Structures are given as C-alpha cells and as structure tokens.
Amino acid sequence: MADLDDIRIARNRPSPGLLGTIFGKRGGRKADWTDYVTYGYLLLGLVIMFAPVLWLVISSFKTPANLQDFPPTLLPVTTETVSVEGFDEPLPLYDVRTEDGETIRLAQIRRVGLNAQMIDPADPAAGRLVIKVANAEPVRKVRFTIDNYVNLLTTAGADIWRYVYNSLFITVVATVITLVMNSMAAFALSKYRFRGSTAALTAILATLMIPATVVLVPVYLIVAELGLVGSLWGVILPTVATPTGVFLLRQYMLTIPDELLEAARMDHASEWRIFWRIILPLSSPALAVVAIFSILSRWNDFLLPLIVLNNRESFTLQLALASFQTEFEIRYDLLLAMTTLTALPLAFAFIFLQRYITSGIASTGIK
Amino acid sequence: MTASMRAGRMLANVAALPARLIEPAMSRVQKTIGIKRMPWIFLIPNLTAVLLFALLPVFINIFYSVTGSDRLYPVDRPFIGMANYETLLDCRNYLQPSTCSRDLFWRALGNSLVFVPTQVVLMIGISLLTAICLNREIRGRGFFRGVFFFPVMLSPVVVALTWQWILQRNGALNGLLESVGLGGINWLVHADTAFAWAVAVTIWAHMGFYTIILLAGLQAIPRDVYEAAKMDSASHWRVFRRITLPLLLPVLLVVFVLCVIRSVQTFDELYVLTGGGPGSATMLMVQYIYEVGFAAQPRNFGLAAAASLLLGLVLLLFTALQLKFSRSARDG
Chain H
1 MADLDDIRIA
11 RNRPSPGLLG
21 TIFGKRGGRK
31 ADWTDYVTYG
41 YLLLGLVIMF
51 APVLWLVISS
61 FKTPANLQDF
71 PPTLLPVTTE
81 TVSVEGFDEP
91 LPLYDVRTED
101 GETIRLAQIR
111 RVGLNAQMID
121 PADPAAGRLV
131 IKVANAEPVR
141 KVRFTIDNYV
151 NLLTTAGADI
161 WRYVYNSLFI
171 TVVATVITLV
181 MNSMAAFALS
191 KYRFRGSTAA
201 LTAILATLMI
211 PATVVLVPVY
221 LIVAELGLVG
231 SLWGVILPTV
241 ATPTGVFLLR
251 QYMLTIPDEL
261 LEAARMDHAS
271 EWRIFWRIIL
281 PLSSPALAVV
291 AIFSILSRWN
301 DFLLPLIVLN
311 NRESFTLQLA
321 LASFQTEFEI
331 RYDLLLAMTT
341 LTALPLAFAF
351 IFLQRYITSG
361 IASTGIK
Chain F
1 MTASMRAGRM
11 LANVAALPAR
21 LIEPAMSRVQ
31 KTIGIKRMPW
41 IFLIPNLTAV
51 LLFALLPVFI
61 NIFYSVTGSD
71 RLYPVDRPFI
81 GMANYETLLD
91 CRNYLQPSTC
101 SRDLFWRALG
111 NSLVFVPTQV
121 VLMIGISLLT
131 AICLNREIRG
141 RGFFRGVFFF
151 PVMLSPVVVA
161 LTWQWILQRN
171 GALNGLLESV
181 GLGGINWLVH
191 ADTAFAWAVA
201 VTIWAHMGFY
211 TIILLAGLQA
221 IPRDVYEAAK
231 MDSASHWRVF
241 RRITLPLLLP
251 VLLVVFVLCV
261 IRSVQTFDEL
271 YVLTGGGPGS
281 ATMLMVQYIY
291 EVGFAAQPRN
301 FGLAAAASLL
311 LGLVLLLFTA
321 LQLKFSRSAR
331 DG
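Those protein sequence lines, which keep their order, are chains H and F.
Taking my numbering, I'd label the letters of the first sequence as residues 1 to 367.
Taking my numbering, I'd label the letters of the second sequence as residues 1 to 332.
Hint data in this document are derived by calculation from the structure and do not stem from the laboratory.
Mixed in with the good hints there might be a few duds.
[To be verified] What follows is a list of derived Cβ distance ranges for each label pair:
no., chain 1, residue 1, chain 2, residue 2, range
1, H, 147, F, 278, 50 to 60 Å
2, H, 147, F, 318, 46 to 56 Å
3, H, 260, F, 137, 51 to 61 Å
4, F, 103, H, 155, 16 to 26 Å
5, H, 254, F, 223, 52 to 62 Å
6, H, 310, F, 223, 28 to 38 Å
7, F, 223, H, 351, 26 to 36 Å
[Unchecked claim] A few chain H residues that don't get close to chain F, going by computed Cβ distances all over 12 Å:
no., residue
8, 69
9, 70
10, 113
11, 130
12, 195
13, 212
14, 232
15, 359
As the structure is a computational prediction, the values presented were derived from the model and not from experiment.
C-beta: ideal position from N, C-alpha, C; glycine also.
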C-alpha cells in the first residue's frame, strides 16, 4: 500500500520544468533556488579548478611565437605559409586590405620598416608589391603542434628518461617497502599480545606529531652518515615508515577474526606464512589506500629530494622541472611541455581511480 | 571495495615471487627464536626506520640547535649554548624586522603569522561550502567531487608552474582583464598581490583534500535529524547553524589541525611560484629553514635546527590546544 501512496504523491508533484529537469535533484524533485545557487557554485568551481590546468596543456601545443602573443590566443594558432616558386623557404600568408576595400591574400617576402614586400602566390610572375604593414593581417589557423614535445625530447631526451626513471624508481620502491614494512608492523601490533607492544605503538604514532620539515637537518645528517647523499635510496629510506599507514592497516587488521590465525596454526603454518598468505590478502582494501597515498606523495615529493639529491643524474622529474624554470627563463615552450608530461601520469591515474581515491580518503581521513 | 580488492590482489601476485624465498627463511627463524618473539621480527624493520628517521632526529635537532659552526658531523660542532636562539630572537624592535639580527627570520615568521590564519580560515570556509554543495542531492555529484579533488593529485611544482604561466605579465589572467577593458598587473612582482596569490594558489591546490574529509563528516550526520528540522520548517541557515555545524564540529576540529600543520609547513608551491619573493614578501618559515640550513653558504645547520624546533614548538602547542578543545567539545 505504501508503494501506491508514493506513486500517487509523485503524480501530484508539479512538473519540474526545463531548467528543473536539467538542474533538478535526483528523483525528479522540483528544484528550488538553493539548487540553482549550488549548481552555479559548482560550475564556477569546475572552471576555476580545471581551467588553469587545461590552459597549461593547451598552451604546450603552441609555437614559441604564438606563446609570445598578447592577449594570448585561446587555441594554438600558426601563421599559414605557402611555397612560392623561386623562394627556398615557405612564405607567410597575409590578408591585405586594398584601397578599394577588397581583401586579397598575399605572401610576404620580407618586411622593411612600415612596408612589406609581398607577392601573389597564385601569380608570382606579376612581381613584388609594396604593402603597408598596417593593412596586412597574418592568416592564422588553429593548429596543435607537438614541436615543443619533440624539441624537449631531442634537446634533453636522454636526461628526461633519466628523471622519469628516477621518479618511477623512488615511487615504486618506496611504495612497495612502505606497504610491506607497515603491514608487518601493523600485523604485529594487531594480532599479538606481547610485552612492549603498547610502547612500540606509541613510538610509531608519536611520529605523527613530528612534521617532516622540523627534522629536516638531522634527517639530512643521518642520510649523509649512511653515505646516501645523491642516491635515490637517500630519498626512499626516510619516507618508508609512515605512522598513518601503520595506524590504518592496524585498524583494518583488528577486524580480521583471530580464529583464522588459530586454524592456520593448527595446520602448522608459520607466522610469516599466516601474515603473507592470510592477513595480507584480506587487508587489500586498506593496502590499496596506503598505496595510493604513498604513490601520490612519493611522486610529488620536493623538499627531501631537493636537499638529498644534489647531482643532476639523480634528479627526480619534480626537481628537474623546478630547475628547468630557472635555467630556461624564457623557454616557456619547453617548460610547458615538460610540465604537462610531469602532470600526465597522475592525471590518468586520477581519471581511473577518482571514485576510489576520494571515497578511500573520506573513509580513512577522519580517523 | 571490489576495485581495491583487485588492486590488492594484483600487488600480492607481483610480490609473491620474492615471498617464496622469504618464507622458508622466516620459518627457520621462527624455529630458532620461538613463536613468542616473532612479533618483534615483524616490528623491527618499521621500528628501525621510525627510530632512525623520526625519533632520533628530534634529539639530534636539539643538539644541533645548541652547537655552532658549518660542520655537519656532530663531533666537529662546538657547544655554544643558547646562542642560536638568542641570534634568532634578538631584536631591538620586535615589530620591525630590519632591527633584528636575523631579519629574514622575523620576516618569515611575520609572513607565516599572516599566511597561516588567512589560509586556514579561507581554506576551511571554502572547503565547507563546497562540501555542503556536494552533499546536496544533485546530478553529477561524483563528477564534481572529482573536480574539486583533482588539484590535490598534482605535484606542487606543477601547480606552481601552472599558476605562474597564468599570472605572468603576458599571461592568461591579464589577457582576460585586457579583453574586458581592464589594465593588467604584474601579479607576482608586487608584494601584496604576490602574497594574495600565494594564499589563493595553495588553497586551490589543497582544498579538495579537506572538502572530501568534510563531505564524509556531513554524510555521517543522520538523515532523520534533517527530516525532523524540515517538519518544523526551519530555514536553511537555521538548519546549518543548529544541526550541521554542531554535529560536524569534531570533524571540523580535525580538519582545522591538519590544515594548520600543513599550512605552517607550506614550502614547495611558493618556492617555485615566487621563490619567496618579491624581496621576502612570500617567504615562510620552512623556506627560511631551507635557505639558512641548505641554500646559503656557509650552511648554518645550528640556526636552521633552532628555527625548526621553534616551529615544532608552535605546532605542538596547536595540537595540544586541539586536544583540549575536542575533549571539552566531547564532554559537552
């Protein structure tokens, strides 16, 4: 009966109208003004959040000349060129306003002061014309050029793969070690009762309170003492024991029933086997969250690599990118291409993992 | 959950190969030391790393801050007592950095004292507003949630370079202003606008993280509380003041502390965006520590350590305050 009532009520609802249908709430309920304000806010947010990055990516497909344009063009444009008989190089095309008010298309040979020598590409035999520059508009066409990327890879090609390799190495190795180390500790702290376990847990969680930047100098000293300055391991080792990871995994493992362990022990499984074959696979959701956090922060790390990795061969992508900015002050073409390349892997990861990342953080972030 | 399960299983499969080598070794270890001591075998790697790279450094830091010279190794460093702290805190007029022996420290401190409250208040305000919008029953909620989270994924360097590209003199923002008939400003060259953009860019980059946490907090508020309010036909504002805000308070406090700690530690974005400039208008505490301890020659590790301990002290104070607040909030 309740269902029937619902249907009747639904029928009696006023039609939401066109705007209401587009912007309406789920379930077709009529939208009120707060919904429009909400959508307005979210759409504004969409522009502010995406436009800067989109702008950067689009700009990376512009020619160096196009990058200099002010006001900037929205899309990458290039000046049209045409090959004319008798000239080795292709000539740029211009739309020229004649005195009669007509517009004709000419190719420019060279520019002298306020005048330009032009030629009719369709009829090169007619000879050179002298045109006032003020009357000529370059013919421009939207064209995405990958020259910046090609130039980047040819001028700094080998180095860039080196930086990519370094970043990947740090991210992958640090994440694997983080997962194994943290889950081992979490296993010990959740599934055993032993003297000193509280002290160990406290010691690990106390490090939550110590910001990485506060211990910057002594961490550098220890890395130096271990002989790891300039080595990728010098960036990996200080970051692998994350207290949040241990905490998160421990909370998750506490929910795994102890009977499973007892049963395995009956079958003479060793403790390591229980950990590796039973606990780890069962903890995979928590492991995935820790992995995502680890990958994100290791790939994006800046301060620790900045002080530890002091030679170019060991630079990560982020360091190379930052140093790029100071080295090629004006080479925006290369800088934009490099920035896009650096942001790309995470952007792709984000598209695929978006739903999972945000809900994963939401479910673990408040603890 | 299923996506994560699959991801986890894949990781487990990749890791299975070395595991086959470890397992026999580990069972031999278990036979020699006994099952009682096995938890320590699991703990030792993590504890070693924690001790070496988190707990020990705190004590070394204290030692560093009371010693001088540019030598890295502790044995080479002569004890100089509180001299580093005295140098940092020595000022004739505390309101004028130029009268301090370490004027950059005071500039950085002053900047941080303006930067942190401004950023935290705006960040939490905007994140809360966004979370409330995302919590409404609207179309494309998942999509919008992703939109606001997206910049969190970007590296600070990419964030900084993106905005630098937009804010430069011939950048997109000035182009946009020009097209509506307004003159452009060299945003990152004027102290005030550079500082304002420093705040704005860091909010842009991190607000998604706090939005998601606040959203989770909002979704934990039971629906029927709102239904009851609707029965009493309470206004939106009243519902927000009397229901949403009080019930969200614990989450807001956590977000507040996370936000303060992150804000105090801001370095990467501004180092690339403005380099602390123009002059020292956007130099914050962490950059000061980096400049003194690592960038400047000779490196002054003692001064950097003293500055970072002062920074840590402030953070500790904040965390203690938060604990006190959340306890009193819980006790009613």
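Hint check results:
About 33 Å separates the C-beta atoms of residue 147 of chain H and residue 278 of chain F, a value inconsistent with the hinted range of 50 to 60 Å. Checked against the hint of 46 to 56 Å, the C-beta distance between residue 147 of chain H and residue 318 of chain F comes to roughly 50 Å, which is consistent with it. The hinted range of 51 to 61 Å is not satisfied by residue 260 of chain H and residue 137 of chain F, whose Cβ atoms lie roughly 40 Å apart. The supplied range of 16 to 26 Å is broken by residue 103 of chain F and residue 155 of chain H, whose beta-carbon atoms lie about 41 Å from each other.
Distance hint for residue 254 of chain H and residue 223 of chain F: a CB-CB separation of about 29 Å, inconsistent with the stated range 52 to 62 Å. A C-beta distance of roughly 56 Å is found between residue 310 of chain H and residue 223 of chain F, which places it outside the suggested range of 28 to 38 Å. One distance hint, 26 to 36 Å for the beta-carbon pair residue 223 of chain F and residue 351 of chain H, holds here, with the actual separation near 31 Å. Residue-level check failed: residue 69 of chain H sits 8 Å from the nearest beta carbon of chain F, not beyond 12 Å.
The beta carbon of residue 70 of chain H is not kept farther than 12 Å from every beta carbon of chain F, the shortest such distance being approximately 4 Å. Here residue 113 of chain H stays apart from chain F, with its beta-carbon at least about 25 Å from theirs, past the 12 Å limit. With 12 Å as the threshold on Cβ separation, the claim that residue 130 of chain H sits away from chain F holds: the shortest Cβ distance comes to roughly 32 Å. Distance check for residue 195 of chain H against chain F: the nearest CB is about 10 Å away, which does not clear 12 Å, and the non-interface claim fails.
Distance check on residue 212 of chain H: its Cβ comes as close as 8 Å (rounded) to a Cβ of chain F, failing to clear the 12 Å threshold; non-interface status is violated. With a closest Cβ-Cβ approach of about 16 Å to chain F, residue 232 of chain H is found to remain outside the 12 Å limit, as its non-interface label requires. Against chain F, the non-interface label of residue 359 of chain H is violated: not every CB pair exceeds 12 Å, the least being about 8 Å.
In this structure, the earlier hints numbered 1, 3, 4, 5, 6, 8, 9, 12, 13 and 15 are contradicted, and the remaining ones agree with it.
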